[in-house]
Structures are given as structure tokens and as C-alpha cells.
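Enquirer: What follows is the residue order along each chain.
2 protein chains.
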Amino acid sequence: MTILNQQIILAERPKGMPDTRTFKIVEKNVEELEKGQVLIKTLLVSVDPYMRGRMQDEESYIEPYEVGQVIEGGAIGEVIESKSDQFKQGDVVIGMFGWQKYYAANEKEIRKIDPSLAPISTHLGILGLTGLTAYFGLLDIGKPKKGETVVISGAAGAVGSSVGQIAKIKGARVVGIAGSDEKISYLKKELGFDEGINYRTVKDMASEIRLKCPDGVDVYFDNVGGEISDAVLTQLNRFARIPVCGAISSYNLEEADIGPRVQGTLIKKSALMQGFTAGNYSDRFPEGAKQLAQWLQEGKLKYRETIKAGFENIPSAFLDLFKGNNIGKLLVKVSERQYED
Amino acid sequence: MTILNQQIILAERPKGMPDTRTFKIVEKNVEELEKGQVLIKTLLVSVDPYMRGRMQDEESYIEPYEVGQVIEGGAIGEVIESKSDQFKQGDVVIGMFGWQKYYAANEKEIRKIDPSLAPISTHLGILGLTGLTAYFGLLDIGKPKKGETVVISGAAGAVGSSVGQIAKIKGARVVGIAGSDEKISYLKKELGFDEGINYRTVKDMASEIRLKCPDGVDVYFDNVGGEISDAVLTQLNRFARIPVCGAISSYNLEEADIGPRVQGTLIKKSALMQGFTAGNYSDRFPEGAKQLAQWLQEGKLKYRETIKAGFENIPSAFLDLFKGNNIGKLLVKVSERQYED
Chain A
1 MTILNQQIIL AERPKGMPDT RTFKIVEKNV EELEKGQVLI KTLLVSVDPY
51 MRGRMQDEES YIEPYEVGQV IEGGAIGEVI ESKSDQFKQG DVVIGMFGWQ
101 KYYAANEKEI RKIDPSLAPI STHLGILGLT GLTAYFGLLD IGKPKKGETV
151 VISGAAGAVG SSVGQIAKIK GARVVGIAGS DEKISYLKKE LGFDEGINYR
201 TVKDMASEIR LKCPDGVDVY FDNVGGEISD AVLTQLNRFA RIPVCGAISS
251 YNLEEADIGP RVQGTLIKKS ALMQGFTAGN YSDRFPEGAK QLAQWLQEGK
301 LKYRETIKAG FENIPSAFLD LFKGNNIGKL LVKVSERQYE D
Chain B
1 MTILNQQIIL AERPKGMPDT RTFKIVEKNV EELEKGQVLI KTLLVSVDPY
51 MRGRMQDEES YIEPYEVGQV IEGGAIGEVI ESKSDQFKQG DVVIGMFGWQ
101 KYYAANEKEI RKIDPSLAPI STHLGILGLT GLTAYFGLLD IGKPKKGETV
151 VISGAAGAVG SSVGQIAKIK GARVVGIAGS DEKISYLKKE LGFDEGINYR
201 TVKDMASEIR LKCPDGVDVY FDNVGGEISD AVLTQLNRFA RIPVCGAISS
251 YNLEEADIGP RVQGTLIKKS ALMQGFTAGN YSDRFPEGAK QLAQWLQEGK
301 LKYRETIKAG FENIPSAFLD LFKGNNIGKL LVKVSERQYE D
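Sequence order for the protein chains is A and B. Each residue of the first sequence is one higher than the last, beginning at 1 in the UniProt record's numbering. Each residue of the second sequence is one higher than the last, beginning at 1 in the UniProt record's numbering.
Simulated from the structure, these hints should not be mistaken for laboratory data. Any given hint might turn out to be false.
Claimed, not checked - Derived contacts from chain A toward chain B, CB cut-off under 10 Å, selection only:
| hint | residue |
| --- | --- |
| 1 | Gly-53 |
| 2 | Asp-57 |
| 3 | Ile-141 |
| 4 | Lys-143 |
| 5 | Lys-145 |
| 6 | Gly-225 |
| 7 | Asp-230 |
| 8 | Thr-265 |
| 9 | Met-273 |
| 10 | Ser-282 |
| 11 | Arg-284 |
| 12 | Pro-286 |
| 13 | Thr-306 |
| 14 | Ala-309 |
| 15 | Gly-310 |
| 16 | Phe-311 |
Unchecked claim - In silico DSBU-like cross-links for lysine-lysine, where the CA-CA straight-line distance does not exceed 35 Å:
| hint | chain 1 | residue 1 | chain 2 | residue 2 |
| --- | --- | --- | --- | --- |
| 17 | B | Lys-168 | A | Lys-302 |
| 18 | B | Lys-168 | A | Lys-143 |
| 19 | B | Lys-168 | A | Lys-15 |
Stated by the list, open to error - Calculated from the model, a selection of chain B residues having no Cβ within reach of chain A, i.e. all distances over 10 Å:
| hint | residue |
| --- | --- |
| 20 | Val-202 |
| 21 | Glu-254 |
| 22 | Thr-277 |
| 23 | Glu-298 |
Here the structure is a predicted model, which means the values were calculated and not measured. The beta carbon of each residue, even a glycine, is placed where N, CA and C say it ideally should be.
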């Protein structure tokens, strides 16, 4: 039986904000499986801000997408046919096969997940790269101590909301910056953040941070860059640590990203800024995943996810990331499980 | 006998570049010594870029100078009278008593140095805070590995020239950025730097760095900030380390110091920037000083110093720091030893 695959490819490199011209859906038949391969039907795909960077043809920590290439990214699927000894029909697997309905995977590209332990979507979120990014960035670079003040930008996003909760577990005072009163309320009431700042309604960001962080800022987990970060940097304590995780404010800029140079501040405060990606810690993923799963089971770590439906809606879900309206992890459901027990 | 002291005080806070109005020489009698005090006659004073920061009334890692206060800074003197059991006439001592001809010091403010081991001026330079700044900034933050490329701005300065030599000792390839062909020649021929870049004659700094660092930049020891650093940051390798030691390009700016934001680069390269001052490592000074002295004795570490003469010339020597013309450590000789053996 021939199966028709649908794939979303990079149609052209975006200048500034991606739009409908950036992506195209193409169809082609799924190829015959070779020995050691499994056919995966995609269940869920992840849409993430870092993907914007891969659409650009420039050197980075990860290869850029080629024009005409399927948009790679975290995805979960169900094995519907197997020529591998390691996987059987009905297995739920995770990999980087991205925005396509089917994928013929080699054994080494995928990993089995256990749907009985936690909702499978958590493996693309709190138990996946999202949670690991928060975990290693905060604990390995930020190193929050009990009683210290941790400020997080993009705080209601998938990474930011995890960072804040982990900082609370470590005994820090946590202040989240986000873009709506609804998000601030979510951070404080549901996730236990101590304070929140709505950057859209605040007049003077630096004064507001001073007000909400009367003891200064010891750790700034930076998801956004831009003017918000400029303001936070004016309020650092000595020996402050800044894990630099994202700069979403600049991803769609066509002009250069210009602001106050940081050298003077870093010297005055003996402060540290370190860029990172979760991949830097891949040899410690088991440690991180185990700890995150334990906190999740103990109810110490909560998460929210927004799951949109429909393969053809993946590009619009991706574009939503840059509108600053979503709370928590953003996913798209492509199909239902077929072989569920 | 009454001794007339001369002191250089901060007459007014400079806006932009300091000038003759910034300083004033005042005279007053030296007070009678109390028990535990010694009277020091100043031999040598250090003039350093960081002093510019202390002339500003803003929070930093070190207290600002008050208007009317003697300019504090590293200085070496000879004990000419002692009411302390720990010091005797003729002892050579080092302290932070700064720009004045005499100083009645408490025992704890000063430390004896041995003039037979190395020229006394080295204690304000390569064996003092200058050398310790280079040592800890490069080794603790920069962590150069054998074969890596280390780029240094302000490379012919007191700190920069030490950094380059320590990086060579550690087996790195060293590229120095400085402001004249004479300096570049000094770095390459006398100090063993592999390459030099004269920022005053180079047209496109980023291309020049790419040319001189074909394997990219692993460590960038930043003494200057500004456009030179912007350019170096475009050529970082993954996991690059940037000890941020000085930002002399901005110290006399009246406008804001604006340039490309660094977040995007730090993320793409998983790079680290860390501001520091030697004082952060004060508990490890003995280790650093011992190692520097050993390298000096073994001839692995060379230094150059410019010693100007005359107490009244201290302010002009200080202003010379910002003209970018000096090589090595800049000192002013205030008087000769009186009790030399």
C-alpha cells in the first residue's frame, strides 16, 4: 500500500517576520522501509522560537534549514510499521523528524517514550528540551542561591515558566516579566512566582524592576534580549549571572539589533553572561530528565500547554510564538494514536 | 620638625575627558604619628585607567572618590619614621595611599616589599595588581587551551602585554590589537605574540581578525570595549570565553555607549562574557604572585614600564593613558630612596 506523505518545507528564507510565503506543503509517497527502519505516523509536533534562527542562512549552533527542506524539529509519532527489532507497531517514539505526517526513521534517530508515565506531550515540553533548557540554564549557569532574586523574561513561555518554578524549588525569590495581566496572574497564582511585571503596560522598566527587586537582581534568565534586557541589566547585583537562552525580540529584526553595550556593566558588577543551548548538556540529559520527572510527579512543577489541531495549521501556530500571546508550551496535534491499548 | 605634605585631590568630577580642572594640588602639614603608625615618603605612584571610573559618582565595584579627596591608588614609599614594631626606617612598603608626597599609615594599610628580589616598580606592575589582573582574568575566566587562539585588545598596555605572554606560556596562539606599528612590533618581536593588528590603520576590523585568526577566536581578553570588541565578537568560536577587564573606549564618553547587542552572538556561540576585577581573587593573590614572580625570574615574562618623573606631573601622566600612546605600565616617580643600603 502506498502512503501519501505531506511535508511542510522552507519555501523561501524570510526577511523579517516569516509569513505564508515562508512555508509550502508538498506531497510525496512514503518510500519502502529498509531493514532497521520504522514508519512513523506523526502525532504531535513542537513549534519553537529557535526555529526562526534556522531559517536564516547563517552560521549558528545548529545547521540552517535548506530551502526546500522539511522543517525539522521535535515531534512525537506512533510506529505503524517496523522493520526494526527494537520497535514494534504501536510504540510511541520521539525524534527530530519535524513537520511532516509520516517519516521513515532509522532506529538511531528515535527514542521510545512511555505513555503510561506522563502525557506524551510533556516529552516535547517540561520533560523534553524545554524543561532541560530551563533546568541546565538556570542551575548550571544561573546557580540561584536561597534568598537570591531571580528575574525571568519571557516568563510565561514554555522555558520561562519552568525556570521560575525551578528557581522557587531552590528557594529563590522569583520575578517574571511577561506581556499580559493574564500571564502575570498565571505566574503568581498558579506557579507561585513572587512578583510579575507586564512589560506592555509598564512605563519605565528599570524603575519597575528596582521596585519589584528591592534587593537587586542576582540571576537574570534572558529569553528575549532587546530593551527589556537592557533595563534588567541596570539592576544587577555584584556577581550576577545571566543565562542567555533566547533573544526573541531580535529574531525577526531586519535592521541591526542595537542597544547599550554591556561591557561597562559587566565590569562594575563582576557579572557573567553566558549563551547556551540545551544541547550543550546532552551528556547530562538523563540526570535532568529524571529530576524534572520527579518534581512533576511530586506536584512541584506545573506546566501549561496550548495544543492546536491540524497539520496545515503548524505554520500559523509557529507565527503565534512571535505575537507574545501564548502561555506555556505550544504544540500542534497532527493525528490521533491508532494502536492505543 | 614639621613636614609639609602635598596632595593631589579631585577638584571636580570630570564630564567626558578629565583635564587640568579635574585635579588640584593642596598642601598641609603632616600630622604627628600615633602609636602603630609609620610615616611614608612616596617613591612611586601608579596611574591606571580604572581611576577614571572612581571619579564618577556612580555605584561600582569600588567607592567613588569624593570631591576634595586625595586620589587613592597603588603607591610605593619608604618608611622615614616609625611608631610601629613591624616597620623600621628605610623599609620599602606598598599600599593604596595614592597621589601624595607623604602619608601617615596605619600598620594594616601597608605591606613590606623586598627590593632585593626585583625592581620595586614591578610591585605596582607585573608582580602587582596589573599582573594579577592578567593572571586571574585569563586563567580563571579565559581558560586558554593549548593551540587555541587568544585575542587581546589594549594588548600593549600593562595588563594586555602580560595576558599575551601568559597565554603563550599556556601554549595558545596569541593575537594582539594595539594602536601603533611600534606597539605591534614590540608585541611580536619582544613578547612573542604570533600576530598583531594596528586598529588605527586597519580598514575593516572584522575581516582583519578573520585573516589573523583563521581558526576563529576562542578567548577574547577585552580591555577596551567599543567598536574593536564589536568586531572581535563577530569572529568567536563555539564556547568562546571573554574576560571583560576594561572598557577604556567608553570611560570618557559623555553620550551612551551604544553598539550591537550581544545576546544573539552569545547564544549562537554558547559564549561566555564575564566582567571581573583582580580584587575578586584577593584570597588567591599569594598563588598568583608566586607564579608571576617565578615566570619573571625564568625570563618567561617580560615587562616594559614608562616612568615619568615629578609629583606635579601625575595628572598629565594619568591623562596620557587615554591617548593610547604608552607601552606597558605607566608610573610616576615622586622621590628617590633616602635610606638605601
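Enquirer: Taking the hints in turn, state whether each one holds.
Expert: Right, here's what the structure says about each hint:
no. : hint                  : verdict
1   : Gly-53                : 8 Å, holds
2   : Asp-57                : 13 Å, violated
3   : Ile-141               : 9 Å, holds
4   : Lys-143               : 13 Å, violated
5   : Lys-145               : 17 Å, violated
6   : Gly-225               : 4 Å, holds
7   : Asp-230               : 8 Å, holds
8   : Thr-265               : 7 Å, holds
9   : Met-273               : 5 Å, holds
10  : Ser-282               : 12 Å, violated
11  : Arg-284               : 15 Å, violated
12  : Pro-286               : 21 Å, violated
13  : Thr-306               : 24 Å, violated
14  : Ala-309               : 31 Å, violated
15  : Gly-310               : 31 Å, violated
16  : Phe-311               : 30 Å, violated
17  : Lys-168/B / Lys-302/A : 51 Å, violated
18  : Lys-168/B / Lys-143/A : 32 Å, holds
19  : Lys-168/B / Lys-15/A  : 44 Å, violated
20  : Val-202               : 20 Å, holds
21  : Glu-254               : 14 Å, holds
22  : Thr-277               : 6 Å, violated
23  : Glu-298               : 31 Å, holds
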